[in-house]
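Using the numbering used here, the letters of the sequence shown correspond one by one to residues 2 to 408.
I should point out that these hints are in silico values taken from the structure, not numbers from a laboratory. The reader is advised that the hints may include incorrect statements.
[Claimed, not checked] What follows is a set of in silico ranges between Cβ atoms, one per label pair, in the way DEER data are often shown: (1) L41 - V175: 54 to 60 angstroms; (2) A160 - Q325: 53 to 59 angstroms; (3) R286 - F225: 27 to 33 angstroms; (4) P86 - V42: 24 to 30 angstroms; (5) P86 - E151: 20 to 26 angstroms; (6) T190 - A160: 33 to 39 angstroms; (7) L178 - A39: 39 to 45 angstroms.
[Unchecked claim] List time: in silico BS3-like cross-link candidates among lysine-lysine, alpha-carbon distance up to 27 angstroms: (8) K323 - K356; (9) K323 - K283; (10) K316 - K277; (11) K356 - K277; (12) K323 - K373; (13) K373 - K316; (14) K364 - K323; (15) K316 - K356; (16) K283 - K316.
As the structure is a computational prediction, the values presented were derived from the model and not from experiment. Glycine residues also receive a C-beta, built at the ideal position from the N, C-alpha and C atoms.
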Amino acid sequence: MAPQGGAAGSGQAATWLQDLRSTLAQFVSTEERLGISAALVALALGIAVFLAPRLVSRATAEIRTRVLAHPRVPDAVTDAAWLFPATVVVRTLQLAVFVGAALSLLLLWGYTGVAADLAEVLAVAVPNAAKLGLTVALFAGALVGTNVLEEKLDSYATASDNINAHQQGIVFRVLQLVVLLAVGMAALTVWQVRIGGLLVGAGFLGIVVGMAARQTLGSLIAGFVLMFSRPFELGDWVEIDDAEGIVTDITIINTRLSNADGETVVFPNDRVTNAKITNRTKRNRLRLRLDVGIDYEADIEHAESVAEEALTDLKFVEEVPKPQVMPTTFGDSAIGLQLRFWITNPSAPRRAQAKAEVLRSVKLAFDREGIKIPYPQRELLAREEADGFQLREDRRSRPVERSVSED
Numbered sequence: 002m003a004p005q006g007g008a009a010g011s012g013q014a015a016t017w018l019q020d021l022r023s024t025l026a027q028f029v030s031t032e033e034r035l036g037i038s039a040a041l042v043a044l045a046l047g048i049a050v051f052l053a054p055r056l057v058s059r060a061t062a063e064i065r066t067r068v069l070a071h072p073r074v075p076d077a078v079t080d081a082a083w084l085f086p087a088t089v090v091v092r093t094l095q096l097a098v099f100v101g102a103a104l105s106l107l108l109l110w111g112y113t114g115v116a117a118d119l120a121e122v123l124a125v126a127v128p129n130a131a132k133l134g135l136t137v138a139l140f141a142g143a144l145v146g147t148n149v150l151e152e153k154l155d156s157y158a159t160a161s162d163n164i165n166a167h168q169q170g171i172v173f174r175v176l177q178l179v180v181l182l183a184v185g186m187a188a189l190t191v192w193q194v195r196i197g198g199l200l201v202g203a204g205f206l207g208i209v210v211g212m213a214a215r216q217t218l219g220s221l222i223a224g225f226v227l228m229f230s231r232p233f234e235l236g237d238w239v240e241i242d243d244a245e246g247i248v249t250d251i252t253i254i255n256t257r258l259s260n261a262d263g264e265t266v267v268f269p270n271d272r273v274t275n276a277k278i279t280n281r282t283k284r285n286r287l288r289l290r291l292d293v294g295i296d297y298e299a300d301i302e303h304a305e306s307v308a309e310e311a312l313t314d315l316k317f318v319e320e321v322p323k324p325q326v327m328p329t330t331f332g333d334s335a336i337g338l339q340l341r342f343w344i345t346n347p348s349a350p351r352r353a354q355a356k357a358e359v360l361r362s363v364k365l366a367f368d369r370e371g372i373k374i375p376y377p378q379r380e381l382l383a384r385e386e387a388d389g390f391q392l393r394e395d396r397r398s399r400p401v402e403r404s405v406s407e408d
């Protein structure tokens with residue numbers, strides 16, 4: 002396709018040169034050629050030095066005033082105006098004027114061969130320059146388009162509760178990838194590259210990459226599943242399998258937690274989607290349990306009332322819902338009571354502080370009321386049918402008496 006276009010361009014250039022040569026051949030005298038040459042140079046200088054800068058400057062001012070300053074034009078378009086500086090446009094117009102004047106002068110003075118060679122070079126260079134400019138314009142438009150999409154997505158996320166930061170980031174990356182792929186295919190079309198063969202090669206390459214990176218692709222798909230299912234968000238305190246911590250980052254490939262010890266735990270997203278997830282901050286409150294044992298001789302109801310009173314007026318324990326004290330087990334050495342209470346804004350440090358506060362308060366209350374928290378102990382009883390305990394007689398070894406013979 003490209004050689005045929007080049008040949009067609011060369012033929013058109015030759016035809017144009019012949020017509021121009023025939024027109025200029027009427028001026029045969031040297032004086033006439035000098036006059037025409039002076040006029041061409043003056044006209045080229047006037048257009049390149051005076052007219053082109055003013056036209057470009059006026060057009061730029063009109064565009065900024067009437068287009069870029071319009072309230073409906075996104076800020077991203079205004080910010081991208083530097084991609085098309087007026088100086089480049091002015092220099093391009095000046096170059097075109099000088100090249101045209103030089104070509105006319107060569108034909109006027111009979112240098113037809115040099116003019117034909119120059120025209121052939123221009124016939125190839127100008128279309129390629131136009132393609133290059135169009136390619137730059139496409140990618141500049143893609144940059145502007147992605148910025149506009151980001152602004153619109155930010156506005157939508159700010160005004161809506163249906164999308165979080167994680168979803169916003171993934172949606173933007175997907176849209177950005179789609180725009181870049183579309184612009185890339187358009188640029189290949191401009192340069193007359195056959196896309197069909199590239200698509201077939203990309204298909205085979207995708208199969209090979211998919212077979213070699215199944216786990217990574219699984220994590221990628223799981224990332225989209227997490228984006229739409231939303232079991233947790235950034236900043237949530239969650240437990241995944243046996244690890245718990247604050248969600249610090251959610252990418253398409255993995256999820257990161259920061260635990261109470263300052264460690265960062267990284268989970269592949271495919272493992273997260275198949276794991277048991279406990280979100281402790283979803284409802285912004287959490288119920289905690291603490292077990293305590295009382296002596297079998299203690300009054301259970303009195304111990305319950307003392308424990309409930311000890312759970313009131315604490316810094317980390319909420320009054321509503323009301324704390325509860327429930328008997329739960331007959332232990333080996335104590336009756337088990339379970340203290341149930343709620344905290345808000347749950348986190349690992351807050352949970353530890355609440356349990357420590359409850360433990361101190363209940364221990365002081367039990368000590369004040371004389372309620373014993375017994376140590377582990379065992380009681381041995383003899384069965385009646387076995388005639389009680391059989392005690393072994395205490396048999397101690399007696400000293401051996403020796404007879405001492407007298408000499």
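Each hint, compared with the structure:
no., hint, verdict
1, L41 - V175: 54 to 60 angstroms, "56 angstroms, holds"
2, A160 - Q325: 53 to 59 angstroms, "42 angstroms, violated"
3, R286 - F225: 27 to 33 angstroms, "31 angstroms, holds"
4, P86 - V42: 24 to 30 angstroms, "28 angstroms, holds"
5, P86 - E151: 20 to 26 angstroms, "24 angstroms, holds"
6, T190 - A160: 33 to 39 angstroms, "38 angstroms, holds"
7, L178 - A39: 39 to 45 angstroms, "58 angstroms, violated"
8, K323 - K356, "16 angstroms, holds"
9, K323 - K283, "20 angstroms, holds"
10, K316 - K277, "32 angstroms, violated"
11, K356 - K277, "25 angstroms, holds"
12, K323 - K373, "25 angstroms, holds"
13, K373 - K316, "26 angstroms, holds"
14, K364 - K323, "20 angstroms, holds"
15, K316 - K356, "11 angstroms, holds"
16, K283 - K316, "22 angstroms, holds"
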